[in-house]
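**Student:** The primary structure of each chain is shown beneath.
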Amino acid sequence: MIRLRTVSAAAAAAGITLTMVAPGAAAHDERDVILPDGTGTVPEYRSEAEAADVLIVCDADEAEFAERIANFPADLRRRNEAYFEQCQQDGYESIQAAVDAVTEPGTNIYILPGVYLEEAGRPEPTGECANLDRPWVDGDSYQILEFVDQLQCPHNQNLIVVLDVDDLQIEGTGAEPGDVVIDAGYTKLNGLRADNSEGIYLKNFTAQQTTFNAVYILETDGFVIDDVIGRWNDEYGFLTFAVDHGLYTDCEAYGNGDSGIYPGSASNINEDREYEVDRYSVEITECYSHHNLLGYSGTAGDSVWAHDNDFSENSVGVAMDSLFPDHPGLPQNHALFENNLIYDNNVDYYDYVRDGTCAKPSEQRGYQDGVVCPAIGVPPGTGLLTAGGNYNVFRDNFVYGNDYTGFLLLHPPAFVRGDYTFTNQWDTSNHNTYIGNAFGLTPEGTDSPNGLDVWWDGQGVQNCWQSDTGNSVPLRLPACGDEPGEFTGPQTARLFAEPATLASLYVCGEYSLGDAYIPAGCEWLGAEGIGRVDVQLTLASSVLVGLAGLLLWWRRLRHARVATIATGVGVLGLVMNVLVVPLWHTVLPAIAIAIIGGWLVVLGIELRKTGRSGLGWLTIVFGLLGLLHAIDKAIVMLPWIPLSPAWFRFLVGIVWVVWAVAASARGRQAGDESSAPAKDAAAQPA
Amino acid sequence: MIVAHGTGPGHDLPVPLFYAVAGGALAVFVTFLAVGVLWPESRLRGAAAGRALPGLTRFVDASATRWTLRLVTMAFTVAVVVRGSMLPDNAHANPVPSVVYGVFWVGLVFASLALGPVWRLLNPLRTVHATATRLLGRDPRNGVVPLPQWIGYWPAAIGLFVFVWMELVSFDPDSVVGLARFFTIYAIVHLAGAAVFGSGWFDRGDAFEVFSDLIGRLAFIGRRSDGVIALRGPLNGLDSLRPATGLVAVVCVMLASTAYDSVTALWDYGTVNAGTVGLLVAVTCVIVLYSFAAKLAGIVGKRGRTVGAFVHSLIPIAAGYLIAHYLAYLVAESQRAAVLMVGSPATVNEKLLPAGLLATIQVGAIVTGHVLGVVAAHDRAVRLFEPRVAIAGQTPMMVLMVVVTITGLTLLASG
Numbered sequence: 001m002i003r004l005r006t007v008s009a010a011a012a013a014a015g016i017t018l019t020m021v022a023p024g025a026a027a028h029d030e031r032d033v034i035l036p037d038g039t040g041t042v043p044e045y046r047s048e049a050e051a052a053d054v055l056i057v058c059d060a061d062e063a064e065f066a067e068r069i070a071n072f073p074a075d076l077r078r079r080n081e082a083y084f085e086q087c088q089q090d091g092y093e094s095i096q097a098a099v100d101a102v103t104e105p106g107t108n109i110y111i112l113p114g115v116y117l118e119e120a121g122r123p124e125p126t127g128e129c130a131n132l133d134r135p136w137v138d139g140d141s142y143q144i145l146e147f148v149d150q151l152q153c154p155h156n157q158n159l160i161v162v163l164d165v166d167d168l169q170i171e172g173t174g175a176e177p178g179d180v181v182i183d184a185g186y187t188k189l190n191g192l193r194a195d196n197s198e199g200i201y202l203k204n205f206t207a208q209q210t211t212f213n214a215v216y217i218l219e220t221d222g223f224v225i226d227d228v229i230g231r232w233n234d235e236y237g238f239l240t241f242a243v244d245h246g247l248y249t250d251c252e253a254y255g256n257g258d259s260g261i262y263p264g265s266a267s268n269i270n271e272d273r274e275y276e277v278d279r280y281s282v283e284i285t286e287c288y289s290h291h292n293l294l295g296y297s298g299t300a301g302d303s304v305w306a307h308d309n310d311f312s313e314n315s316v317g318v319a320m321d322s323l324f325p326d327h328p329g330l331p332q333n334h335a336l337f338e339n340n341l342i343y344d345n346n347v348d349y350y351d352y353v354r355d356g357t358c359a360k361p362s363e364q365r366g367y368q369d370g371v372v373c374p375a376i377g378v379p380p381g382t383g384l385l386t387a388g389g390n391y392n393v394f395r396d397n398f399v400y401g402n403d404y405t406g407f408l409l410l411h412p413p414a415f416v417r418g419d420y421t422f423t424n425q426w427d428t429s430n431h432n433t434y435i436g437n438a439f440g441l442t443p444e445g446t447d448s449p450n451g452l453d454v455w456w457d458g459q460g461v462q463n464c465w466q467s468d469t470g471n472s473v474p475l476r477l478p479a480c481g482d483e484p485g486e487f488t489g490p491q492t493a494r495l496f497a498e499p500a501t502l503a504s505l506y507v508c509g510e511y512s513l514g515d516a517y518i519p520a521g522c523e524w525l526g527a528e529g530i531g532r533v534d535v536q537l538t539l540a541s542s543v544l545v546g547l548a549g550l551l552l553w554w555r556r557l558r559h560a561r562v563a564t565i566a567t568g569v570g571v572l573g574l575v576m577n578v579l580v581v582p583l584w585h586t587v588l589p590a591i592a593i594a595i596i597g598g599w600l601v602v603l604g605i606e607l608r609k610t611g612r613s614g615l616g617w618l619t620i621v622f623g624l625l626g627l628l629h630a631i632d633k634a635i636v637m638l639p640w641i642p643l644s645p646a647w648f649r650f651l652v653g654i655v656w657v658v659w660a661v662a663a664s665a666r667g668r669q670a671g672d673e674s675s676a677p678a679k680d681a682a683a684q685p686a
Numbered sequence: 001m002i003v004a005h006g007t008g009p010g011h012d013l014p015v016p017l018f019y020a021v022a023g024g025a026l027a028v029f030v031t032f033l034a035v036g037v038l039w040p041e042s043r044l045r046g047a048a049a050g051r052a053l054p055g056l057t058r059f060v061d062a063s064a065t066r067w068t069l070r071l072v073t074m075a076f077t078v079a080v081v082v083r084g085s086m087l088p089d090n091a092h093a094n095p096v097p098s099v100v101y102g103v104f105w106v107g108l109v110f111a112s113l114a115l116g117p118v119w120r121l122l123n124p125l126r127t128v129h130a131t132a133t134r135l136l137g138r139d140p141r142n143g144v145v146p147l148p149q150w151i152g153y154w155p156a157a158i159g160l161f162v163f164v165w166m167e168l169v170s171f172d173p174d175s176v177v178g179l180a181r182f183f184t185i186y187a188i189v190h191l192a193g194a195a196v197f198g199s200g201w202f203d204r205g206d207a208f209e210v211f212s213d214l215i216g217r218l219a220f221i222g223r224r225s226d227g228v229i230a231l232r233g234p235l236n237g238l239d240s241l242r243p244a245t246g247l248v249a250v251v252c253v254m255l256a257s258t259a260y261d262s263v264t265a266l267w268d269y270g271t272v273n274a275g276t277v278g279l280l281v282a283v284t285c286v287i288v289l290y291s292f293a294a295k296l297a298g299i300v301g302k303r304g305r306t307v308g309a310f311v312h313s314l315i316p317i318a319a320g321y322l323i324a325h326y327l328a329y330l331v332a333e334s335q336r337a338a339v340l341m342v343g344s345p346a347t348v349n350e351k352l353l354p355a356g357l358l359a360t361i362q363v364g365a366i367v368t369g370h371v372l373g374v375v376a377a378h379d380r381a382v383r384l385f386e387p388r389v390a391i392a393g394q395t396p397m398m399v400l401m402v403v404v405t406i407t408g409l410t411l412l413a414s415g
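Chains as they are written, first to last, in the numbering used here: chain A, 1 to 686; chain B, 1 to 415.
Next up, chain B with everything else stripped away, as it sits in the complex (with noise of 0.2 Å):
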């Protein structure tokens, strides 16, 4: 990849270092006494949040609009396959490698964000089999058998895992054959999968979706529990959430691949099955990590099965990272995407953000990120331990993100 991740000197910063760390820290602390006192009961309404928007709702799901958007997206897919296979294997001359990690992967954080979970319209697997059950007359939702409970998200972590290690972790993560081999097995995997199981394989099973879900809680908009899009705070989307299978091991994902990719910057591990590891480990330390603190406030609260009950609150801490870490990156891929698909001889600007604005989005970012998860976490608190434990069961996950934020401000701005 040409641009490295991460905000660079902390010299970018419009404030020394020490100051967004402390700042960040405090913002944190202060939120988790504020919510204390000013927020004593459950206040969230989850998927039962929201102003209805019965037009929008009425546009989304026009089967013109889907199926614009599906055959949109299919039509780039094979304009990018078709572009690809024509140019050599190299990150300079091929769109492959910026389409992908530029375009998809890390635009994908930001239309999330800006518009729900946008890739269950656009997913092109889905397209095909929507198109396949309907050739052969069937309901794409069924499929042989139902979903098994037990497999919850594990597919999708999996996925997850797999595609961030291709990006951070082997040989050659822009080699376009590479990236084909990848986008090959897995649209197999889960093609067969939507098979089996029918189309309800995707919003557990395919990390792409659930990765957009997830972010996609945060937007400003989304669709109600009785079906209908509407307009809600990111807290509410959030809420939305229920625990499952698998779901803790999915934003953990997200959150140790930042991680590790800011270490990395730091401490080169040197090779592919050292790095192996290193990912591993990081995810590990993350799941352990914020499954201890949700376990302790679960004891503290005198309540059991908590490590489920707040993982939705790892969600905005995850899509701050995410921000901070790709927002450049993102800038200068997606020109070097365009320019290359095209054949332009346009030269790529990856410096177009300022660097003073593109730190101070970057810690805004974290810092933002933090206090989401600390509130939501306070709003799940109030709602599952007695009032009098409340605070005190919170404390655990409270310490966490203080210690996250310090770690996660201080590798961004050494990486």
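Pulled out of the complex, with its shape left as it was, chain A reads as follows (with noise of 0.2 Å):
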């Protein structure tokens, strides 16, 4: 069974890098699938000639029929004007009548102008079909069901359902896609399903108001999908799973809850390679996905390669990763991103949320007016986010006016995604190139900055980015050479992402659309300032180490000058270390730091001075780390460390930070081997 774009709540407990949990009402289960042996071809558009059969599907009187066609061009009127004449003798009122009237392979289906409702796949099943002993979901909302249920009941899930039929090529003959609308009115999941329908084309019409996919191709070995449209979806304007020899062609996508375009389980042809790649399994070019929260999204969307396509005014225009259970193909790998523009991809849905109005049933919640529920945690603000992937290269894309960042690279270890191999967990976010992308740039030249160019959450290895990237976090990336596979500097491998980075990744984790939760303390879905957890993190840890410090400083150190200097420095260093949490693309945490880390090796010294050997030596490493970490951020990504130094300072810190609180806190009771002041040894019981 295939859980698409779920994650177990074992996972969510143990909670690490979850920056992208589903929520039960946006759950899709679906039945074990296998990916398809590569055999297929991409079908090719076949004229009316060159069809085995054709079928004509219409729906509409003839007044209203011709007030469609009226403003088209005459040749494509008179056409127009044709079918329908044929479709009053022999043609059929649904897609769906058409669909089961096929007979050889290789046979066009088209659909004049007009709104199918497909009246006969909306009721609920009845009969048997209401009594399948398959598995319930989601809420009990809907089964999962197999392949010969989906052709015993052909309507349980699908408004209208193409399964294991061949080279059917189903198009309108409208002038553009508008001009044929499929309506599922959200009385199902899918509003077109071709499963195990090698060779399906699908040409100019629209598909849209559905609880999951507008369009669903599943275990496919050949399709195009050209000049479509698939909107106001509770999950995805097109979702194609277990595919292969898949094209995307100048498709459009707006008002879907999750992405509008989703490749998932791309076949995995590629898994074997590193950098060079024969064929890619899914292409998708000159498509125009926008008013999503994700444009595009790619569980497992390997070997994908999408150029020339525009990702705009979306929440993200991109996502692809590496976080849902039981997706073949898993992790994500080898896509292609080139010549793209992916930009102002800044709309936030989640306020959406807040005010209840993804509480509503779906077809009163506005998608029309723009309504859209967000059915994952995600950072609005973001051009193209990666949460595990490897192997994927993405170049000379245009990349712009993203407000909070353009790329975003972070780590899910394997576990998230059901895998609990010791040795799998970190087989995500490597080998990743960004290379000649324009960032800040509108292909007219002029200035649309994002908030970050890039943010990296510093886990994997070999991954690298352009020199001339501008604002980043981590400020020093690690650079790539001219091709995917050479770099010009030195490369890291870090297990984990810092201590804040991560806690800040899992708070957002737990954003639920079903449950309407948003989460306390995420920056990406509105928390500003002490309300961030990131924020709230090093505060309370800037005041233990403050306090611990300040009383060491009183019982044992306040005579000595120097100490005294260090500590109102390093308590300044403290406060500026709170305050400019914010400012992480820039050089002030790590000068706050490093101010911190100075304070304390003073600190160090001046202990061994008193005889304190072991908290001297612990406080000089506990400051050097300090030290170590402000040139980590600053400077240069140490290689060879498997972690950051903040994880040193972390641990370091809590040994430290108990072992200064016992230091001081003795020395009112027992006699003490230091100098320390008269007054206090008096202090001491006998």
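No false leads were mixed into what you were given.
Here are the simulated SDA-like cross-link-like pairs (lysine to any residue), alpha carbons at most 20 Å apart as the crow flies:
#1 B:295 / B:387
#2 B:295 / B:383
#3 B:302 / A:658
#4 B:302 / A:614
#5 B:295 / B:307
#6 A:360 / A:517
Just so you know, the hints here were simulated from the structure itself, not pulled from any lab data.
No experiment lies behind these values; they were computed from the predicted model shown.
Work from the hints to combine the two standalone chains into their complex.
**Tutor:** This is how it looks when you write it as structure tokens:
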């Protein structure tokens, strides 16, 4: 059984790097599927003359039809008039009726302009179909059906269904996709489902208003989605899953609660390769995906070649990930994104969750008026997000006007996707290449900066970025050469992101549309200033270190002038450390950390002078780790170490705080070997 | 059982789970540091502490009060047995499972927290024993032989383990026949124990009396060493507990049972045999972890025999988890017990407590339990250890408590 874009409760509880946690309401479970063997081909567009058979669908009276085609170009109008006349004789009133009438491969179905409600496919199942013995999921809202169930009960979940029909072409005959509309009215999961139907070619229509996918292509080798619109769905405009030899071209998707385009589990044909590949399993080109939560998403979107598309005005322009269990082909790998426009992805739809709009039934939410109900928690303002993927190449794209960050790369350990094999835990976010992209510039050359150009959590091996990257976190990124697999600087191999970053990711991962739950503390979802969990953690750690340091100074070193001056400076560093958290793309956090480190080194030296050798050395080490952390943040990410110095600071800091407090507290009770003031010693009980 | 234990989704919490877990761990850590600095000498006086309540003492100790309580409990027990035997062996129709688990077992936690070791006053086995010895003209306190020291709390530990095994592992914990069998054997064993060793057997051997006594240490009233009931803080109540053989095992069974229940909510062992091994492993793990931390504390603090010295600090932690684990269960099953006992057509409102309030109480109970545990352990450490190593000596216990806090809150929210 496949679970599409959901995540286990155990993983959520364990809570590491869950950036996108699908809520119950949005989870979609599917039967076990098998990736195609790759023997198919991308189907070619077939003219009427080339078709083995032609079937025509019309759904309007003559007057209404005449009105619909009145403004068509003359030759197209005449063609439609001829089709309409033919349809009156031997045509079909519903698309499903025509599909059911297909008898041979190579058939073309022409759908005449109109709105197709497909009434026959809408009713709730009855009889045996209402009592299939299959598991219920998502709050008992639908069942996991096998292929035989789809054959037996085609409309349990689908408005129109194409099952095991090869080389079928379904084409709208309007002047544009909006002239032929398939409308599910939120009665079914899928508007049009093509399942095990090799060579299906969809062209020139619109599918809309489903509780999952407008168009759903499953377990199919060879398909084309050409000039089709998918809009106003709870989840996806287009979902293609376990497919090969696929082509999306000239498509448009908007108003979808998850993503406009979702080539999930595209065939994993390059999993054994490194940077060089022979071919891609799905090509996406000339598509326009806008005003969705995600313009594109690709859980296990393997070997997808996306080029010359426009991903704009979504919350996140593009996202690919290895977060969700049971997707064939995980971890995601070998996507190539080039020459795309990825811009102005800044729309924040989470207010619709806050104000209760998304708690209404789908048909009452107002998708047509621009409402999108975010199925998952993501950072609005992001151009391209990779939450676990390998050997992806992002080159020559225009990435601009994304207020949070242009590119975002982070690491989910394998257990998040249900893989508990120890050696697989770090098998994502490696070997990704970002080269030749234009940051903060429109194709016309106008300035339109991103908030950051790059945010990387620091994890993974052989990830690299072009040397002209602007603002980034971390400040210094590993640099790429001219081609994927070439590097011009030191490479890092970190196991985890820094502690505060991990905490932020974890908190954001608790988002749930089903529970209308927007976690406090998540910067992505609206937390600001002291409300941000990373600021809070920095504050808490600074207060602890500050109090322990001050206590130590007061009890042990307040008569040492150097220690007193250093402690004053150190406290200022601690205050600065908290205040500059939001300025993470500048050198200021590193300066604050360096000041704290310097203070601790001085404190340690002074402690050693008082005879406290052990605590003195630990304080010096704690301080040196701070200086190292500052270098790592601001000057160069240190190679060869498995964790950021922040982790060592964190762990040593806990021991140091305990030791410092113990050393300070015991002075009131027992004799002390240090040169503590006589007043303190006198206060000690005999 | 009808209602699952635990909180269910973390989203019931008013704050993200991360805040509950990190905040809980931080609370324990900061408490440790704060008492390290601000609590340099032992302040607890254990059984000597408390403001005397002579009126309450007279009332509680009055023979009329005692026999009234005993007879009421006995009458209720008989009523449950009679009613249970008349109805089908089904938890939806028969009140026995709800009475046993919801009212008796879980209710005992809350009653003991509020009033102290109440089961000592209500225990029907004590009533039977007292009545029998009076009829024979003997002092109930005197048995055939005195209770040997080496037995300690071990009978209670075993009894508690068997009961939680029946609740959490056995094939059909709601079986009325199974429950009847358990309590019949239990009664025979403990009446025999009391006959041989006198009524002191119940103090150390009866699992439910020991359970109630240990939880009751956290009540704001308790009996001082001079026998007077007094108003006192829970920390003094804890401090009044003296180390004894088998005490660590009892407390660790209390802790391990909730941990086991939470873990098996995530990973179902499947078979009774595997579950039995799992429960044994859970108890062993808790004993080993605690003993290791306490032993290490002794090494750092340069003091021997510390394993028993800190066990009282685990009691508030166990109580915190029991509250967190069973609060929703108590609310639902006590209603069900009442409805089924009187045959009322009323329905049970399993969500009587709002989810947010419930989750807040649960997290609060766990964190409070750990904070109390840290303070209790600290006071014991500064009493036992040399001042210069007192804080370092209790560090292993603090680390254990932080780890248990994080694990416990995570498991609770996942259950």
